[in-house]
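Visitor: Residues per chain are reported as follows:
There are 2 protein chains.
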Amino acid sequence: VTAAPSAETFAERFAKRRAEFGPLCLGLDPSDDVLGAWGVDLDGFVDIALDAAAGSVAVVKPQSAFYERHGWQGVRSLSRLVSGCREGGVLVLLDAKRGDVGSTNEAYAAAYLGDGAPIHADAMTVTPYLGLAAMGAYIERGPVFVVTRSSNPEGRAVQAARGPDGLTVEQRMVLDIGALNARLAPGAVGPVGGVFGPTHAPPDDMDLAAMNGLFLAPGLGTQGATPADVAACFAACPDRVLPSASRSLLAAGPTVAGLRAAVRALSDELSSLLG
Amino acid sequence: VTAAPSAETFAERFAKRRAEFGPLCLGLDPSDDVLGAWGVDLDGFVDIALDAAAGSVAVVKPQSAFYERHGWQGVRSLSRLVSGCREGGVLVLLDAKRGDVGSTNEAYAAAYLGDGAPIHADAMTVTPYLGLAAMGAYIERGPVFVVTRSSNPEGRAVQAARGPDGLTVEQRMVLDIGALNARLAPGAVGPVGGVFGPTHAPPDDMDLAAMNGLFLAPGLGTQGATPADVAACFAACPDRVLPSASRSLLAAGPTVAGLRAAVRALSDELSSLLG
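For the record, the sequence lines run as chains A and B.
211 is the number that our numbering gives to position 211 of the first sequence; each next residue is one higher, with no gaps.
1 is the number that our numbering gives to position 1 of the second sequence; each next residue is one higher, with no gaps.
Looking at chain A on its own, in the form it has when it is part of the complex (with noise of 0.2 Å):
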């Protein structure tokens, strides 16, 4: 595996604008409930959070499954919500959690990473019940976020299962993971970052610093992770977490003003815990 040629890396680039508008990821949800709280269909929820979006936050990321849900024509709002957000600046995590045999991740990766893709995101989340080695091919077109420790505790049962090392399914990935940045990436923040929710007790047995990756910290707010457990669970890595919210400030819309205005309070409560 190598890591995909950037002139500036997703690292970077996420620095450069958490500096500018915090560290808060916008989730873009369109659930039936906000559809039908809105007043909109799927296109008019996109022109709208591409008007909330721009010169608001770092990063967006939509979650795939409220575009699929919609079949083809979906799809199709996701690409133009996808470029119409790089297009205005905003970095793009696409949250689609594939993850599949090598052959296959090969597909998905150029589905949505690197030069070509038909939907262009910045990054994307991949799921590893396959095998973090099988997502090479993810890897080398764009940085990607592992899901390694999941906010919903039913993932505990998979996730908290130990290997014969005695090491748990998501120490295991925090390691594997560190191994990966360093080697694709010495001496920086490397392509490969974690999915891991701060709704559990925090990690006190797994280093998240030495893991030298960005980390999306899904579940604030709807899903009962505060501002509070963010900076808790990532004290030593504070600026490298993007905590994400969707149902929360998805509720303060439709309008771009009263969106924004959630955006912005909720990343000032974090900007002034993560620093």
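Take these hints with a grain of salt, some might be off.
To be verified - Simulated restraints, written as ranges between beta carbons of each label pair:
{"no.": "1", "chain 1": "A", "residue 1": "Ala179", "chain 2": "B", "residue 2": "Gly224", "range": "26 to 32 Å"}
{"no.": "2", "chain 1": "B", "residue 1": "Pro153", "chain 2": "A", "residue 2": "Gly166", "range": "51 to 57 Å"}
{"no.": "3", "chain 1": "A", "residue 1": "Asp268", "chain 2": "B", "residue 2": "Gly116", "range": "38 to 44 Å"}
{"no.": "4", "chain 1": "A", "residue 1": "Ala182", "chain 2": "B", "residue 2": "Gly102", "range": "41 to 47 Å"}
{"no.": "5", "chain 1": "B", "residue 1": "Asp32", "chain 2": "A", "residue 2": "Glu8", "range": "42 to 48 Å"}
{"no.": "6", "chain 1": "A", "residue 1": "Gly88", "chain 2": "B", "residue 2": "Asp32", "range": "28 to 34 Å"}
{"no.": "7", "chain 1": "A", "residue 1": "Arg264", "chain 2": "B", "residue 2": "Gly163", "range": "39 to 45 Å"}
{"no.": "8", "chain 1": "A", "residue 1": "Gly89", "chain 2": "B", "residue 2": "Thr226", "range": "49 to 55 Å"}
{"no.": "9", "chain 1": "A", "residue 1": "Ala7", "chain 2": "B", "residue 2": "Pro238", "range": "53 to 59 Å"}
{"no.": "10", "chain 1": "A", "residue 1": "Arg264", "chain 2": "B", "residue 2": "Asp41", "range": "45 to 51 Å"}
Stated by the list, open to error - A short, non-exhaustive set of chain A residues, derived as facing chain B with CB atoms under 7 Å:
{"no.": "11", "residue": "Gly71"}
{"no.": "12", "residue": "Trp72"}
{"no.": "13", "residue": "Tyr108"}
{"no.": "14", "residue": "Ala110"}
{"no.": "15", "residue": "Thr127"}
{"no.": "16", "residue": "Gly131"}
{"no.": "17", "residue": "Ala134"}
{"no.": "18", "residue": "Gly136"}
{"no.": "19", "residue": "Gly155"}
{"no.": "20", "residue": "Val169"}
{"no.": "21", "residue": "Arg264"}
To be verified - Residues from chain B that keep clear of chain A, each with C-beta distances beyond 10 Å, as calculated:
{"no.": "22", "residue": "Lys16"}
{"no.": "23", "residue": "Arg17"}
{"no.": "24", "residue": "Ala19"}
{"no.": "25", "residue": "Val40"}
{"no.": "26", "residue": "Leu50"}
{"no.": "27", "residue": "Gly84"}
{"no.": "28", "residue": "Leu130"}
{"no.": "29", "residue": "Arg183"}
{"no.": "30", "residue": "Ala210"}
{"no.": "31", "residue": "Ala235"}
{"no.": "32", "residue": "Pro254"}
{"no.": "33", "residue": "Arg264"}
{"no.": "34", "residue": "Ala265"}
{"no.": "35", "residue": "Ser271"}
Derived by calculation from the structure, the hints in this document are not laboratory data.
Predicted model only: the values in this text are computed from it and were never measured.
No residue lacks a Cβ here, since even glycine has one placed at the ideal position from N, Cα and C.
Given chain A, put chain B in place with the hints provided.
Guide: Below, chain B alone, put in the same frame as chain A:
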């Protein structure tokens, strides 16, 4: 969790078609290599695949990645493939390996399973890194195949890890799926199947028949498993396995006659081994 209501279950429909066509599941993976070798674009592939599948196989398994690779236009082609196969009497198992937290899974399930789904497959694959217990949204809408033991060696790092009860993640998955099926479909083959690669050593330590579900066995042909491996792995429940091959069969294209002959030969070999 309750199962989706259905006049005839997926297992019953599979059993009928299996009696007519054999157990083979035709993988419809239009990789760049296949499109190049056939000299067609994605819609040309879909046209040929529809002709080759109808009246030839029990089940097809389109791999979503190879359609998403072409953006929303590719998803539109997938949509046409899925509805066309079903109209031709062929069961469609969509290989999408989705898996997320509960509310997101609801959107994915509504995208691909049950009445009103814009891409309405008969069943789909899901990935349980976020927990089998988070997959209820799928099961409520239609049959699923949960990735349990993948066909790639990299998956061992997660799937062979052990929980506090000493069972591996994949052993626990087989037991938990069995408990779900016993509750949802007592005395019958239940709506929750497993994706179970026959390429590793046969699982002496798992009671596959007791899971009371169907199995998708990927990796036949190019990935290294033989029909004899499938027969050995599923000796306890040979009538519940869908052995899947893609690349080795698509190599017989692009003529419909060539594809149908390759499908017939492999299906006959599987029927003679699996009964």
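Visitor: Taking the hints in turn, state whether each one holds.
Guide: These are the hints, each one checked on the structure:
1. A:Ala179 x B:Gly224: 26 to 32 Å: This hint holds: roughly 27 Å between Cβ atoms.
2. B:Pro153 x A:Gly166: 51 to 57 Å: For A:Gly166 against B:Pro153, whose Cβ atoms are near 21 Å apart, the range 51 to 57 Å is violated.
3. A:Asp268 x B:Gly116: 38 to 44 Å: Because 42 Å falls inside the window, the suggested range holds.
4. A:Ala182 x B:Gly102: 41 to 47 Å: About 35 Å separates the Cβ atoms of A:Ala182 and B:Gly102, which means 41 to 47 Å is violated.
5. B:Asp32 x A:Glu8: 42 to 48 Å: violated (29 Å)
6. A:Gly88 x B:Asp32: 28 to 34 Å: Holds: the Cβ-Cβ distance is about 32 Å, inside 28 to 34 Å.
7. A:Arg264 x B:Gly163: 39 to 45 Å: Cβ of A:Arg264 to Cβ of B:Gly163: about 44 Å, so the range 39 to 45 Å holds.
8. A:Gly89 x B:Thr226: 49 to 55 Å: holds (54 Å)
9. A:Ala7 x B:Pro238: 53 to 59 Å: holds (56 Å)
10. A:Arg264 x B:Asp41: 45 to 51 Å: Given a distance of about 47 Å, which is inside 45 to 51 Å, the answer is holds.
11. Gly71: It holds, given that the least Cβ distance between A:Gly71 and chain B is near 3 Å, below 7 Å.
12. Trp72: This hint holds: A:Trp72 lies near chain B, its Cβ roughly 4 Å from the closest one there, short of 7 Å.
13. Tyr108: Constraint on A:Tyr108 satisfied, holds at 5 Å.
14. Ala110: holds (5 Å)
15. Thr127: holds (5 Å)
16. Gly131: holds (3 Å)
17. Ala134: The hint holds - A:Ala134 has a Cβ within 7 Å of chain B, the shortest such distance being about 4 Å.
18. Gly136: With a closest approach of 9 Å, the A:Gly136 hint is violated.
19. Gly155: Cβ of A:Gly155 sits 5 Å from chain B, so the hint holds.
20. Val169: holds (5 Å)
21. Arg264: violated (26 Å)
22. Lys16: The claim holds: B:Lys16 sits with its nearest Cβ about 29 Å from chain A, beyond 10 Å.
23. Arg17: Label holds. Min Cβ-Cβ 25 Å, cutoff 10 Å.
24. Ala19: Non-interface label on B:Ala19 holds, nearest chain A Cβ at 31 Å vs cutoff 10 Å.
25. Val40: Correct as stated: the minimum Cβ-Cβ distance to chain A is 17 Å, above 10 Å.
26. Leu50: Per Cβ check, B:Leu50 is outside 10 Å of chain A; nearest 17 Å; holds.
27. Gly84: For B:Gly84, whose nearest Cβ neighbour in chain A is about 15 Å away, the distance exceeds 10 Å, so it holds.
28. Leu130: violated (5 Å)
29. Arg183: Non-interface label on B:Arg183 holds, nearest chain A Cβ at 17 Å vs cutoff 10 Å.
30. Ala210: holds (19 Å)
31. Ala235: holds (25 Å)
32. Pro254: With a cut-off of 10 Å, B:Pro254 remains clear of chain A, as the shortest Cβ separation is near 20 Å.
33. Arg264: holds (26 Å)
34. Ala265: holds (24 Å)
35. Ser271: holds (26 Å)
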